[in-house]
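Got two chains here, each in a separate frame; can you build the complex from them with the hints?
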Amino acid sequence: MNAHVNSLRQYLTDGNNRWIGVLFVLALLVLPMVSQEYFVGIVTKAVIFGLFAISVDIALGYTGLITLAPAAFFGIGAYSVAKVVVDYDASYWLGFPIAIIVAAVVAFLIGYVPIKRRIGEVYFVLFTMAFGVIVYDFTFVTTSFTGGSNGLAYVSPPMFFTINLAETVPFYYFSLFVVGILVVGLYLLLRSDYGRILHASRQNEVRMRYLGYDTDREKLLAWIISATVSSIAGAVYVGTIGVASPSLMEFALTGEVIIWVVVGGAGTFVGPFIAAFVLSLLENYLGSVWAEGYLIVLGVLFVAFIFLLPEGIMGRLQQGED
Amino acid sequence: MLAIEGLTKTFDSVVAVDDVDLEVRSGEIHGLIGPNGAGKTTTINLITGELQPTSGSVRFKDEDLVGLSPSTIARRGIGRSFQVVQYFPEMTVREHLHLALRNPSKTVRSVLAGEDYTDRIESIASVVHLENRLDIVAKNLSHGEKRFLDIGVVLGLDSEVILFDEPAAGLNTSETNELRGVIEDLRSEYTILIIEHDIELVRSVADRITVLQNGSVLATESPSEIVNNPEVKEVYLGE
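Top line first, the protein sequences correspond to chains W and R. Residues 5 to 326 in our numbering are what the first sequence lists, from first letter to last. Residues 113 to 351 in our numbering are what the second sequence lists, from first letter to last.
A couple of the hints might just be wrong.
As the list claims (entries may be wrong) - Here are the simulated DSSO-like cross-link-like pairs (lysine-lysine), alpha carbons at most 30 Å apart as the crow flies:
(1) W:Lys120 <-> R:Lys345
(2) R:Lys218 <-> R:Lys251
(3) R:Lys218 <-> W:Lys120
(4) R:Lys173 <-> R:Lys218
Note that these hints are calculated values from the structure, not bench results.
For reference, chain R alone in the conformation it holds in the complex (with noise of 0.2 Å):
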């Protein structure tokens, strides 16, 4: 599905990212950990078209992203929730699910008939349990809210790959609990790739677990063999 291969990142002297190899396959639950400074944001900032990489290429369905704007690579269907929650202060959940739903494409026909998402606005937020905020303003959101409401907003794009970058920062036990429960929610539908600090957040949900240090991978394995992983203990688990 999504096939990263010998991906570099270079700033000036910093090798941020070097020769990674990852590929994350068709409907699995990806994990991305590492020590901060490994080079988790920047693969994803390199994924979705943010940065362009040193070298390597990055090929979702065999079609390679590298050159792609964001916006075009979100269109072919890589959608992205981000470390900061980004969202829009004086718009409402509903308005931020409405303008996820539509075609980005289609300006000028917005202008001639607007389209009515009302259904599948209420599905969505249901989901993320904002079913009864969507007429809230999203300044007025607490931070668990804006953080589901980020994710909601990538569930209302037509993605097939979603990538999580630290979705539980800033969640109490409750909202990660809650976090767990929708990306679970997600995985029938759904590719997804997510970089979390909270392991206990990504062994419950991964399939399989990419740990970077150093900008390199160190290692590619299930949940339950990455923690026994003699190295990974060391570098990240402080074992």
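In isolation and in its complexed conformation, chain W is listed as follows (with noise of 0.2 Å):
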């Protein structure tokens, strides 16, 4: 443990990483007492968002899984929190189990054919491009399961000992915890021997399997906890907004996601979570002066990034630092 203890120690002593780090969780805590409720309800978003691109990028950038359902995997996430509350009057934090093992066995499912039977990278991007598109679907159509095109509403965080999460500055501080700890987690993963794995596997697969490694089995294993990471994102999220609809599984947030990730350095870990963090919070600022604002900046930002800057803004901070 003290050697991934000392990897996180040297990332946060690192000159302006670690002064870039602090001020930004510091900026986080205090947040609260020095913004309105409204702008810390679009924080909250902001970082939950943070935490969905990091978990993209474990599949698309660490991995090289190209991923079209992430936002199928967001959807189960919250669909399973607001089945169990609205649906079933059952304990908020049920939902969160039951998201995690649903997430997590649909997408052993959805991979291990194309991944451990090697059909092709192509089929996996087609597998989960119809799963994203099935489930996208099935949420219409499944009216007495899914609520429909209404969703399931409404989903109100329960009180936690004498906090009521409900309200929005205690459910900032619990997304903060959630993400917090799932980042950091995920941060000491991938700087160990099994982020390396995956850091090496994909420069060459060839080598990896001749030194004896099963690169299959960990690229199914990056991409099932990438799908479940999507789905606890998604289980957060549902309790901001308090409603789990269809839109949670559009194709548009699977796109969204991709850019962010595309924008912040596909495999830089901290890139995506700040592009997701920024890019979320310009589309509310520019939702109430440019509605079609956002979706025009994407969009260039998109095609932009991937001719001129193809390893993201924290790619290339890195390549400058080597």
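Dropping the structure here:
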């Protein structure tokens, strides 16, 4: 464990990273004291989207798996919590393990054949695309199960001892806590030997196999972790909007998160988080002054980064450090 | 140690390896030579699980390897280097050796506790003359250094048998001499099968040499016998 703690310490104490990271966390912690509740709600969503972007980066950036189903897993998380609370009147907390289990099982089923059987990377893309479309349509046609186009409302987070999580600020800190735990956990995971294995496998899978590594197993595991974390992000997110609706599974959200990852820098961990955070704040701002602006900005950014800066902002900064 | 019997591989109507029998004895350095297209690399690919034979068997310490994956065979104790050097361009020499040294099965455990291989990394780096290049990213190494890194990575595995596929390809005279020294140093610890076009190198290090021609075994003899074998002279040495 010491090695991983040391690697975290090394990152946190690495010049500018330390101060930027510490200031960012401090700013998040004091935000409710200096800002209106409305803005706190917006930042809550931005932080959750940051986690969502990291989850997709694990598949896309670290493992090289081009997934077109992030929104589907995000939605699975949201619907799991909503279903438990709205339809079964059960504990809000029960929705989280259900979200994790459903996402893990579904990810395994989708990923096993294209990854373990090596039928070709393109089939992984097609499988995830088909799954994304099917799940999205499923939410519309199975009205009795998913609430159809109205979705499942209203999901109200419960009391946690004496704290009412249904209120904006307590839920903000709850979200920060969940996202913080997962971000640190994933950071340690990707800085461990497991991260090195993924990194090496992306560079030369043949050599890895001849070093005795079951690269397919490691990729499948990474894919399941990615899908599971996406579902946790969705499970937290539904608490901020109170309703699980088909829009959470729309392909538009998949496109959005992929652009966040590309802009931030695939495989850089922190880059996608920052891009998701900043661009979702931008979306909120543009929503009030230029309704279509956000999608146009996203489209332009995507094309510009693919052609001019495919490694993303953080990827370029890291290259500069090298 | 490594016994190949009746090994055959066909690609449609082309017979790449034809009923090859080959025994690599424990502790020996065995050379495998032959003209281009003789089936040398295909044979190594069949031993290591990259290709599955059409017929025949590959036995390692009395266990049949046919049907096993390359990663499983590597974990059983057979390491290999490649004709075209295989490395991780963005990773340092140290990281290469670290990945080779850790147990590939221990993914979960490695997350809980990072293991320190510093001593063994330095020891292997010194064997392959990369002790001063440990923190250099592989893409910045010279071709010769990459070749030695490829060998070092194989040494990091807990292998008993090492298969070298043209380790001297692209090396200059001085680097080839270094390679000869490295292979000699490994003699006491490993069983080695070496494919090489540099006949002088094979002659100087091998205990026995097998010559392949058109996928079949032409002869298996000591180096001195091979160079005097009229058939070998005709088909391979061009005399």
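Comparing the hints with the structure gives:
no.	hint	in the structure
1	W:Lys120 <-> R:Lys345	violated (47 Å)
2	R:Lys218 <-> R:Lys251	holds (28 Å)
3	R:Lys218 <-> W:Lys120	holds (19 Å)
4	R:Lys173 <-> R:Lys218	holds (25 Å)
Hint compliance for this structure: hint 1 alone is broken.
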